[in-house]
Structure formats: structure tokens, C-alpha cells
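Engineer: Chains A and B are the protein sequences, given in the same order. Position one of the first sequence corresponds to residue 1 (my numbering), numbered consecutively onward. Position one of the second sequence corresponds to residue 1001 (my numbering), numbered consecutively onward.
Hints were generated in silico from the structure; no laboratory data involved. The reader is advised that the hints may include incorrect statements.
[What the hints assert, rightly or not] Among chain A residues calculated to face chain B with C-beta under 10 Å, some are: (1) Arg23; (2) Gln28; (3) Gly29; (4) Tyr118; (5) Thr201; (6) Gly252; (7) Arg283; (8) Asp434; (9) Gln551; (10) Gly695; (11) Leu696; (12) Gly701; (13) Ala729; (14) Glu731; (15) Val732; (16) Asp734.
Beta carbons are placed, not taken as given, at the ideal position from N, Cα and C, and that holds for glycine.
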Amino acid sequence: MTTAPEQERPIGFGRLKRKEDPRFIRGQGNYVDDIVLPGMLHGAILRSPVAHARIVSVDTSEAAAHPKVRAVITGADLEPLNLAWMPTLSSDTQSVLATDKVRFQGQEVAFVVADDRYAARDALELIRVEYDILDPVIDPHHALDEGAPVIRDDLEGKTDNHIFDWESGDADACDRVFAGADVVVIQDMVYPRVHPAPLETCGAVADYDQVTGKLTLYETTQAPHAHRTLYAIVAGIPEHKIRVISPDIGGGFGGKVGIYPGYVCAVVGSIVTGKPVKWVEDRSENLISTAFARDYHMTGEIAATSDGTILAVRTKVLADHGAHNGTAQPTKYPAGFFHVFTGSYDLQAAHCKVTGVYTNKAPGGVAYACSFRVTEAVYLVERMVDVLAAELDMDPAELRMRNLIQPDQFPYTTKTGWEYDSGDYPTTLRKALDLAGYEDLRREQAERRERRVRTSEASGGGPGVREPLMGIGVGFFTEAVGAGPRRHMDILGLGMADSSEVRVHPTGKAVVRLSVQTQGQGHETTFAQIVSEELGIPPEDIDVVHGDTDQTPFGLGTYGSRSTPVSGAAVAITSRKVRDKARSIAAGMLEVSADDLEWEKGRFFVKGDPDSARTIADIAMAAHGAADLPDGMEGSLEAITTYNPPNLTYPFGAYVCVVDIDPTTGETKVRRFVAVDDCGTRINPMIIEGQVHGGLADGVGMALMEIIDFDEFGNCLGGSFMDYLMPTAMEVPDWETDFTVTPSPHHPIGAKGVGESATVGSPPVIMNAVVDALSVHGVRHIDMPATPSKVWEAIHTATADER
Amino acid sequence: MDVTLSVNGIEYQRDVEPRMLLVHFLRDELGLTGTHWGCDTSNCGTCVVLIDGEPVKSCTTLAAMTVGHDVLTVEGLEQDGRLDPVQQGFMEEHGLQCGFCTPGMMLTARALLDANPDPSTDEIREAISGQLCRCTGYATIVRSIRWAAERGAGGNGAGPAAGDRTEAQEQEVGS
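Starting from the given sequences, assemble the full structure and let the hints guide the process.
Structural biologist: Below, the structure is given as C-alpha cells:
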């Protein structure tokens, strides 16, 4: 359960260079757009230029007459096939190609199949669509207004834009605690709509064999098996006749969990033309139409004693889900795991109410380290704790330290029903503060503030006010990952379990087959290391097979940091089954009882006689050989497991951020970022560090730069990388990372998952630092992203005394 | 139109539409799919190749504009079975995750080290600031390039000489 010492080529856990890298650094990756099949045609989608309109007519005749066009498909063509609409991951429906209305800018209206990608795009220009423009609903706060245009009039009996109300916690108990509290603070905050924007956009190559009836679909998907099942249900193609291949994926971040109309169009295109059809969206299509994240409009309240004991947290949330409820959440939880907003603190009460509404915006609500809304929850509570610290005039680190759940309280049941598995929160927070040199930072900040006031006064408001504003942010997060126990968690009726198969070949090499899907997380390395740790076979001798439904067992895929907690557990257990069988075979080979054997990585030996031993390779050959095996034992060395997690795992971490804000431009520079993460047992420290780094950069993006905004007509204002800004190497610091190790008690190897931790944990910490810097101007909160203009405005409109 | 250009030291000739972008010429006409496409607007840099040793975004360059110039793509970094130290550095320092931005990042690094064999981390960050990576948070990319610099990877203008061979000669060698 501890981290292996540094070895160049560890057998098992440790810092191992990635097995997937040799192909990537040679440009030999195999992404969906790299796939070329004989006779392949190219598809392109015509999208709605407006947010809300009735379709009067679609004239495709001119496009169809283009010499290079092989097919033009509209919603009207799909209706008789029952394919014009498809289910979303939240049991809503979404148009594949619009028939009655368009409901967001960028919605799919028609699909052209042509000889090459340029011709397909040319033909889009030749399609004539007549729209009857309708009033759009853009501001979610007005979505439920009396008389608001009804977006989803396709739903029978629908007379408003309401999707769901959902509550968690005990409202009455919470009210009682609030009523008796010394201090109550309230704060509105918006977690704006952002986009995962992986560098590879979404795409597919569909290849339908007219003779065998088999569909091979290469797709950018994080969940190949779930997709296959849904295609079978939606398209009516028998499931065994569908093969989904998810080759190398150029980043996912949750954006490749759902099924997009383009995938279905590629399939229809291939069926119609009898040829393979490739469809790859461009960047604007990616940003305006595929799954966004967040868009939570929250009111947080926190109750405390005057000496800083946090008593309760409650919140009301307005969730903007866009035109279709396409959020990928377990069925029971329409707001995902948002009710983990109680955070890392020992509370007396908590309550939340979430209302989901339709607006004329792109559907989704899944993506960007999808995290099942833990990201929003952690942001809420961590900002609220800082708002409380400001109210109490307490140090925010001290306030957190005072209220953290203590190690002896685990397993800890929260007021909203989660059972946190393990943790030593104070140690982790202390480590982060020490690493940052927190006391010194506060001293430096005080000196700078004093100097600023002094020089400003001396010069009559001169140079001093141009001194950078230094801000220090602190935060602590608890993640809820590894969804999940099937009695609680399913997506469209599919239980959230994952399977694995391990087979040791006669010569002692092995293959492990996974149902999860890497998008850069390094599964080919990490999962080989899990098998290696359990069986003692070197990782380079273990082939990891994934991303092909014909070659792998069923499971729900990779999102919400669930690969290691769920599939990693499956692989460990499968490997142990193989090891148990190997023990019996070895006992026969050595003519001793299985109980007399001792295991050390890679071999069994007779207790007290280390030279009497059989290696895994010896045993594998015997298992497949001619010699007798113990009675009833089959001659092979393989096993399969489907792992149904008994609980989620709860990684956590403590972060400290230092920012410097230029008061003349409002520009925020992240000077330092210290991250101490605890993801339980560490399989590959190099990969873990990489995952944390990436998440921290995401956090800088969300906190300071990224937003998918809309104008009053529903035009998307973040529809290209010129408008949707993401961090470059210039906007992020050299990360300072460290870790603690608190294994999960219920996970076979104690690992908790880490992919999303930093994405979840870092945005509030950066914003805490920004607000801390601006606090000298009386600012208590600003919403993300803290762009230069927004920060400048906050400085200049602050009503407090200018210091 | 007829387009003849040198890619990784091999001369290629193709009859393509005048509007064909270099990225599509490389990927679709030559099958060099290591050059990626990510944004259309010169912002993401997954399409970066070197033209006469300078990093250029091939998604906003016409193939026709590169006639007579030497293009180096990721496929040309490895020479005679020897990895470019930049490639080695990315593996050593975990400079990649999904691998999509990696070819462009490595080519920019190659151009940087050719011009400045011992760049500071600030200089590296500036050099790659026209390119996006969504996975790594950049620190390990910076380390990867430093790894190469510390092993004397700079200044040699790696990559094959222009037009060493024609495509026909290349195929002959291969057969």
C-alpha cells in the first residue's frame, strides 16, 4: 500500500515511462481523423445560424446536384427511419437533424456526404433553409417566467422550460441551525459555462457492411461499450453487429462521453451510400454544439459561530442545461454529485435545492473533467468558506484547519449522505501550507500592502497604486469519484460497473483487456503496472487492450475519474484470481499443498525453501502444457471480473495559490501554485503528477480566462479559439506538487483516482487568491472568469475606502 | 494545380486544388498524419511544421505556398533510427499525455534549439506560447525541452537536407 521506491523499470508500481509514448513522439498515433478506409467519403453538417426558429423549409436540391455529392440527409429523411431524434444520457431527447424547430445556435440541420471534405463543405453552402425566427430564452433566470417561449414544445404537454427540481439534505434541520447561528453569510455566484475543448475535436468514421450487416464505427468516445449499447437501442442494429472502436483519443475531459448527432449522421451516411463515411467537426462546431460544462447559478449560505466553527451550508442552484437535458449523470442524481457541497468540513446540517431549466443554448452539462458536478460543489463551499473568513476577519487557512473532518471520524457520513472512505485532512493542509511558506507569504503581503499605502499617500495617489496587488488563496477539496455502486448509479439503465480480463500466455507474457478508455491518462502503462504488481510480470510484457468493443469486456468507460477506482479494482481482482489459480498449479508442480507456498512478486516458493520455486512463466507453460493439472482445473491461466464498487472513493487535497494583479490593467498573474494531493495508493507517480498539472492548468483557464457566453439573440460568443481563451505556457506557473497517501480501505489496491482532482480543486483557490488581492478595495466576491476587464472594473467600482 | 515540395527530404509532386491547405496536403495526400489539425484559426498549433526551419501553422498555409520550400514534419525528426533528443526528452519528462499537440510542440522545440541551444525556461515558454496543450499544464513540456537542451540537442539543424531524394527513389529503396 505504499509507493514503490524509484526504479528505472519497476515491476509493479513506480515511476515508469509510458508505454504509449513511442508511437506518439513519432507521429504514429492513430486518431479518428487519421483513419482512411477504401472508398471513404466525407460528411459535413449544416448547422442553424440562429438560436430559436421554426423550420419552414429545407431545400437540398442544389446541394444534391453538386458533382461530388453522394447524399444529402435531412431530418425529414430520418423521420421514417425513426432516427430524427435520439435519447440523451439523461433520458431526454435530442434531434439528430432538426425537423420542427432549431433550439440552439449550431444545431444540426442537414448532413452532406461527398467525395472529399472540401466538397462536402462547399455543398453546405448550397442548402437553402427558411427559418421563422422565434424569441429565444437566453438568461436562465427568465426561463421560468410567465409567458417565456416554450423551447421544448416537442415534449407532449410541455408548457414551460422546467426540467427538474431536486433536493438533498435536511431543509428543516438546516433552517434551525441557521436560525441559531451567530453569523450567517450569503453570496451569489456563477460557475460559468465552459467547454472541455480537447485539442482533437469530435469525429467518427462509420463503415456499414451491407452484406454482413455489421457496423464498424471509429469514434472519439470515452465510453465505447455504452455507446454501442445505445446505438443498438436507438438505431435498431443488433448489438453484436456493432463494433465501436475508439482508437487514440486526443483528449476528452468529459466532452466525448455523450453521443453527438454527427456520429449518427456518419452511420446513416454509410448505410445510405454503402461506403465508409468520415465526419470530423471543426473547432467552431466543437465549441458551439458539443457538451459544455457547468452553467450553475448558485446562492450559497454558510452559518457559523462567531469564533469560527462552521455549522451549516445551504444553497439554491439554477442549472442551465441548454435546449436538451443531455447531462451525463447517474439516473438518480439529476444534479450529479453536487450534494457533496458539504466539502471537507464537519457540519451539523446541510441542504441544497437544484432547479434545472431549458434555454436556447447547446445541450450537455457533462463535460470538462465531468466530475458529476463535484467541481461546482467544491467551488461553492470553498468560496463560501473564504467569504465567511472575510466576515469573521479570520485567516482562511486557520478557519479551514479548525473545521476539517478529523482522521478519527472516518468513515465519515456527510449531512447529504455520502460516506467518505478515508482521509487525514489536517496533515495534508499543513503540508501544503508549509510547502508554500504560508506565514512568510502573509508577511510579504502585509509588507507590500503597507508599502503600497505609504508610497501612494506620499505621491498623492501616484506610483503606489500601481504596485501589484498580491493575493493568497487557500482551498481544500474532497472529490467523489469512481462511480459507482450499481444499486445507486446507472446511466440510462446501465449499471456503472467495469470489467476486465487477464490472460497469461504460455510463455508468461500477458494481455489485459479493459472496458475503460484512455484519452491521454496513460492506461496502457498504469493498467499494465497493476497486473505487474499483482503477478510480477514486467509491465513491458503485458499488452493492454482497450477501445474496441469486439475485443474487450463490457463496462461504462472513462469519465469522472472512474478508471482506476473501478476498472483498476477489476484488474487487480482479476489478477488475483489468476494468481490464485497459479498457486494451485504451482502446488501440483512442486508436490506440496497450496498452503505451503509463499508468494513473492513473480513466483511461488515452498515456505522455508526459497529455491523450490516456480515462476509465473513456469506455471503459465504448465497450465497450457501436457502435464496433469489438479482435479477439475481447466488448462489456461486467465480470469475475468466485473467490479461493482461498494462505495465511491474520495480523493482530497490542499492547494495554495499566489497571484499578483496589475491594478492598472486588471491582469492576474499566477505567481505560484502549490498542490498537495492525496489519491490513495500511487500507481505511477509520474502519471499522477501529470494528471495534477493538467488539472491545475484547467483551473487557471476556468478561473481567469474561459467562458462560453451568449448575446441576447443566443449567438455563441466563444465559438473559436480566438474567442474562447485557454491558458498557454505563458499563463501558468511551474507547478509545485507534493502528496500524502491515505489508501482507500475498500479498494483492492487502495487507489482513489486523480484525473479530475486538480480541475475540481484549483478554481476556487485561484479565485480566493484574486479576491484576497482585491480585498483591499473592499471586494468580497467576483465571478469567474477573472478577466482583466472584470478585475479592473471590480477595483474601480469598489465602494470601500480606496487605500 | 501542380504542387511540388520537399517534405522530410523527399520531393513530392501532386495535382491538387489551389485552395488545399498544407495540413491536408500532408495528411490526406501524403499520409503523414502526425501533423494534426485542431482549430482553423492559427491558435492551437497542433498543425505546426517547420518550413525552412521555421515553425509555421500548416492549417493556415496553402500547400501551393510551400512550393520550393523544405517542410519538416514529426515523421522526419527521427533519423536513421535515432530519435531526435527532443523526442527523447518528451518521453523522459512526461511531456505528453494524449499526444495530440506533441508533434507541433516538438517541432517548435526543434526550431528553438536550433536557434538557441540553451534556452531558459522563460524562453521555452515564450517559444511554445503559440501552441495549446490541454493535458500537461506545460511544466513537463518545458522540462522535456530542457532535457534535450542539456544533452546538446541544439544548433545542428536536425532533419534531412532538402530534396535529398524524390518520392520515386524513396519507393524504390523501400521495395
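Engineer: When the hints from earlier in the document are held up against this structure, which numbers fail?
Structural biologist: Numbers 8 and 9, in rising order.
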